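Same order as they appear, the protein sequences are chains A and B.
With UniProt numbering, letter number 416 in the first sequence gets 416, and the count goes up by one each step, no holes.
With UniProt numbering, letter number 252 in the second sequence gets 252, and the count goes up by one each step, no holes.
The set of hints was computed from the structure by calculation and includes no laboratory data.
No experiment lies behind these values; they were computed from the predicted model shown.
Even for Gly, the Cβ is constructed at its ideal location relative to N, Cα and C.
Check each hint, because a few of them may be wrong.
What the hints assert, rightly or not - Straight-line distance between alpha carbons at most 25 Å, and here's what the computed SDA-like set of lysine to any residue pairs gives:
hint, chain 1, residue 1, chain 2, residue 2
1, A, Lys101, B, Leu304
2, A, Lys101, B, Leu206
3, A, Lys244, A, Asp273
4, A, Lys405, A, Ala344
5, A, Lys101, A, Phe195
6, A, Lys244, A, Gly192
7, A, Lys101, B, Asn342
8, A, Lys244, A, Thr501
9, A, Lys101, A, Asp356
10, A, Lys101, A, Gly192
11, A, Lys101, B, Asp243
12, A, Lys101, A, Ala146
13, A, Lys244, A, Gly418
14, A, Lys244, A, Tyr219
15, A, Lys101, B, Arg103
What the hints assert, rightly or not - Derived Cβ-Cβ restraints for the label pairs, each shown as a range:
hint, chain 1, residue 1, chain 2, residue 2, range
16, A, Pro116, B, Ala63, 20 to 30 Å
17, A, Asp387, B, Ala220, 38 to 48 Å
18, A, Ala463, B, Pro57, 20 to 30 Å
Unchecked claim - Which residues of chain A face chain B? A few of them, derived with a C-beta cut under 8 Å, are:
hint, residue
19, Phe352
20, Arg359
21, Pro364
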Amino acid sequence: MENARTGGTGPSAEAPPAVRAVGVTRRYGSTVALDRAGISVAAGETHALVGRNGAGKSTLVSILTGLVRPDEGEISFHGRPAPRLADREAWRGRVACVYQKSTVIPGLTVAENLFPHRQPTNRLGLVDWRALRRRARALLDEWGVAADVRALAGELTVEQRQFVEIARALSGGARLIVLDEPTAQLDAAAIGRLFARIRELRERGVTFLFISHHLQEVYDLCDTVTVFRDARHVLTAPVAEVPKHELVAAMTGEEVAAPTGHLRERSGGPPADARPVLTVDRLGLADRYTGLSFTVRAGEIVGLAGAASSGRIEVAETLSGLRAADVGTIEVNGRRPRPGDVPAALAAGVGFVPEDRHRQGLVPDMTIADNATLTVPDRLGPRGLIDVRQRDALAREMIGQLAIKTPGPGLPVSGLSGGNQQKVVMARALANRPRLLVLINPTAGVDVRSKDFLLGKAEEVAAEGTGVLIASDELDDLALCDRVLVMFRGRLVAEFTAGWTDNELVTAMEGVHVNA
Amino acid sequence: MPEPVASGPAASEPVAPGPALAVAGAEPPPAPAGGGPPRLLGGRIPMARLREFALVPAIVAVAVAGWIVDPVFVQRQNLINILQTMSEIALLVLAQALVLIVRKMDLSLESTMGLAPGVAAWLTVSEAGQGLDLLPGAFAVPVTLAVGVAIGLVNALLIVRFGLSGFIVTLGMLIMLRGTLTGISGGQTFFQLPRSMSYLGTTQWLGLPVSVWLCLTLFAVGIAVLGYTSFGRSLYAIGGNEDAARAAGIRTHRTVAVVLVVAGLLAALGGLLLSGRLGSVAAAQGDGAIFTVFAAAVIGGVSLSGGRGSLFGAFTGILLLFMIQNVLTLGGVPAEWIDALNGSIILLALVMSRITTGKAQD
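Whole structure, please, built from the sequences with the hints as guidance.
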């Protein structure tokens with residue numbers, strides 16, 4: 001493997017790399033975001049950039065796209081030095097980034113989004129709408145994007161929106177495109193289409209820098225992988241020459257046993273006679289799910305698997321009280337909380353980690369202590385008063401239990417990394433000492449170490465007799481489940497007990513074998 | 001490209017070994033921040049606290065300037081006068097700050113300030129005082145407060161229950177309530193108010209006007225509620241991220257409704273103090289006050305986008321505006337120019353607070 005590290009062995013052996021960064025350092029105050037790091041992306045390859053949260057990926061992207069000036073180091077495109085930061089036009093012609101969050105303007109049409117500030121005008125200097133639409137359609141056709149140029153961008157699906165953003169980047173002349181976690185919000189079928197499109201564009205000479213937390217995607221799609229850790233470059237190698245467990249080890253800096261081992265070997269599980277903590281009977285919600293009946297026993301970890309659109313998220317939200325079902329009953333711990341009432345669900349003993357921590361999990365300006373104790377006002381002092389010392393003590397206890405990296409409970413939660421933010425959401429769910437813990441995508445967008453920790457926590461909680469329901473399509477989340485229920489288009493279609501294979505599960509989630 | 005990717009942690013670490021070797025040769029990850037050196041982020045806590053006091057230096061500076069302009073400024077009677085004249089509108093600032101923290105707006109407060117005591121006067125005042133003389137004078141204060149609560153309930157019904165835009169709803173209410181006051185008063189001024197209505201605005205306790213006591217007490221209560229009750233924290237949670245607050249089990253609709261009702265009540269009380277002090281209710285009572293209210297809240301650090309700001313800051317905001325106004329009057333600035341200067345001062349104060357807090361306002 002000696003030759004595996006030389007970034008120059010790929011397609012780039014003769015041509016200068018599409019982008020090259022050498023010795024880049026960037027500090028924010030006393031924090032070093034990048035420390036003499038570098039990357040070299042050969043023209044025409046699909047290059048993966050991976051690393052835990054805080055490894056410096058985002059800072060590198062900001063520098064490569066000209067949004068941030070490095071304190072030290074050189075950036076070059078195709079062997080020529082990067083343009084001045086102020087010269088946005090020149091940057092646009094070299095590199096573009098499709099961010100996880102949408103950058104289209106939702107109130108404008110697709111056509112206008114494709115040509116911001118570049119609308120064709122007629123003799124009177126007014127916008128020539130027909131020419132604009134014609135050019136937009138030609139552009140989308142050229143790159144094979146199926147979207148109506150007259151549709152409002154806000155009405156596109158996530159998938160279409162990404163394709164439109166890619167087309168917009170290409171229309172600006174860039175042939176290097178940074179994709180920042182493009183698959184995070186897509187279901188398996190859409191990811192497949194995205195990857196097919198990326199491969200097509202690659203054939204046409206477009207270079208991609210692909211950032212993802214899903215290592216499998218790196219293996220499925222990319223030629224070369226670069227690993228950053230703690231603000232530094234650690235490794236660059238052809239994907240085929242790095243086994244998965246070595247890649248994880250490079251990211252964490254720890255020797256990690258082969259990844260399939262330790263999580264799956266869940267010893268024991270619940271005792272056979274454990275009482276159910278959750279009984280769901282013929283639950284239904286119009287257009288979302290129908291006819292669901294299942295139980296979760298004390299100490300049991302049950303997976304609720306399915307694509308993003310399968311209805312599993314809505315089921316989990318119904319259990320937490322965020323939604324009310326039209327028909328059917330939910331019994332938690334022998335009680336029937338009022339449907340659609342979060343405080344009632346909390347009182348019945350439901351702990352809940354919502355789908356998206358930014359949207360539903362955290363109040364960014366509030367402190368860790370306030371966020372972690374939002375669900376338990378009665379544990380902070382008598383009659384709705386808050387005893388600050390009691391609150392901070394409780395928060396410190398949770399910070400310790402969940403190994404949240406912070407100087408103290410008084411820090412605004414927005415200052416934490418993604419993994420630590422998710423731990424605060426988990427702390428909030430556990431603060432209530434739940435009998436039933438409902439987790440939606442509990443490890444979305446967190447680094448490898450936090451992921452292992454969060455899943456380990458779920459096992460620990462189950463070992464203490466809490467029933468755990470994990471609504472996720474992430475195989476690693478489902479790997480620790482005693483049972484996995486699979487949903488497809490609003491129905492339960494399959495149930496797996498220990499010993500399933502990933503292929504079986506994925507096949508069921510994609511609805512290939514609908515045989516319920 | 002003949003050169004390897006030369007970006008390892010140090011020049012001594014070879015760029016060529018296989019991944020496994022790179023891992024073995026890596027340093028341990030840095031220690032958790034808990035026991036580590038002070039970080040940039042660690043400094044944010046005191047900064048957040050300091051922001052509440054951002055206007056204190058400005059208040060001291062204005063006080064010194066006032067003393068230089070005219071030594072009368074620092075005399076007890078003048079200071080009490082400032083506090084009393086601001087106390088009525090300060091209650092509106094308190095109300096608006098609460099509403100802004102839950103990420104809503106209430107423009108109708110200034111009309112409530114007029115209509116609530118207006119209705120009370122209309123029902124209790126004799127015909128000589130433009131009223132109907134329907135109720136005994138003892139009902140005046142309860143009627144005033146009830147009108148404030150009723151207006152808050154209507155706002156809550158439209159904004160929370162029907163999900164209408166708070167800005168437009170309260171703009172409509174602003175116009176409608178003002179028109180109602182003009183309608184019931186025929187554009188005239190109610191006077192010969194019952195004793196109970198003028199009591200709060202005219203009486204002194206321990207040498208300070210009751211309205212000043214009330215205002216300071218209510219701000220103190222507000223600060224305690226926001227900082228040390230779960231209800232208060234839930235206002236910040238709702239303003240900061242309503243979905244997260246709901247997912248955490250906070251009854252967001254009920255809480256916002258309570259805030260809107262409390263705001264109506266506070267505005268009615270502010271109107272009562274003002275009517276009591278002036279001994280009358282003019283059809284235009286409170287007209288235009290909402291601009292000062294917003295300016296004071298924003299200068300005081302309350303964010304228009306919700307979830308941020310403190311009542312202490314809001315209080316310093318309104319205090320600063322009234323002190324400056326007082327200094328200008330003492331300095332002999334003609335009354336016709338006061339408004340123009342007031343507007344400039346608001347803009348100046350915004351620029352100053354932008355500089356001192358270092359954060360863009362929205």
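Cross-check of the supplied hints:
1. Distance restraint check for lysine 101 of chain A and leucine 304 of chain B: the Cα-Cα separation of roughly 24 Å lies within the 25 Å cut-off, and the hinted pair is therefore satisfied.
2. The straight-line distance between the Cα atoms of lysine 101 of chain A and leucine 206 of chain B is roughly 60 Å, outside the 25 Å bound, and the hint therefore fails.
3. Pair hint lysine 244 of chain A plus aspartate 273 of chain A does not hold up; C-alpha atoms about 39 Å apart against a cutoff of 25 Å.
4. About 32 Å separates the Cα atoms of lysine 405 of chain A and alanine 344 of chain A, which puts this hinted pair outside 25 Å; it is violated.
5. In summary, the hint linking lysine 101 of chain A to phenylalanine 195 of chain A is supported, as the alpha carbons are separated by about 19 Å, within the 25 Å threshold.
6. Note on lysine 244 of chain A and glycine 192 of chain A: the hinted pairing holds, with a Cα-Cα distance of about 21 Å set against a maximum of 25 Å.
7. Annotation: proposed proximity of lysine 101 of chain A to asparagine 342 of chain B is violated, straight-line Cα distance about 42 Å (limit 25 Å).
8. Our distance criterion of 25 Å between C-alpha atoms is met by lysine 244 of chain A and threonine 501 of chain A, whose separation comes to about 18 Å.
9. Taking the CA atoms of lysine 101 of chain A and aspartate 356 of chain A, the gap is near 13 Å; set against the 25 Å cutoff, the hint holds.
10. For the given pair, lysine 101 of chain A sits about 20 Å from glycine 192 of chain A by alpha-carbon distance, which is consistent with the 25 Å threshold.
11. For the given pair, lysine 101 of chain A sits about 18 Å from aspartate 243 of chain B by alpha-carbon distance, which is consistent with the 25 Å threshold.
12. In summary, the hint linking lysine 101 of chain A to alanine 146 of chain A is supported, as the alpha carbons are separated by about 21 Å, within the 25 Å threshold.
13. A hinted pair counts as satisfied when its Cα atoms are at most 25 Å apart, and lysine 244 of chain A with glycine 418 of chain A qualifies at roughly 23 Å.
14. Restraint check for lysine 244 of chain A and tyrosine 219 of chain A: the C-alpha separation of about 9 Å stays at or below 25 Å, so the hint holds.
15. Of the supplied pair hints, the one linking lysine 101 of chain A and arginine 103 of chain B holds, its CA atoms being roughly 23 Å apart against a limit of 25 Å.
16. At roughly 51 Å, the beta carbons of proline 116 of chain A and alanine 63 of chain B sit outside the given window of 20 to 30 Å.
17. The given range of 38 to 48 Å is broken by aspartate 387 of chain A and alanine 220 of chain B, whose C-beta atoms sit roughly 19 Å from each other.
18. Between alanine 463 of chain A and proline 57 of chain B the beta carbon distance is about 56 Å. The supplied range of 20 to 30 Å is therefore violated.
19. Look at phenylalanine 352 of chain A: its Cβ gets to within about 7 Å of chain B, closer than 8 Å, so that hint holds up.
20. Given the 8 Å rule on beta carbons, the hint for arginine 359 of chain A holds: about 5 Å separates it from the nearest Cβ of chain B.
21. A cut of 8 Å between beta carbons decides the hint on proline 364 of chain A: the least distance to chain B is about 6 Å, and the hint holds.
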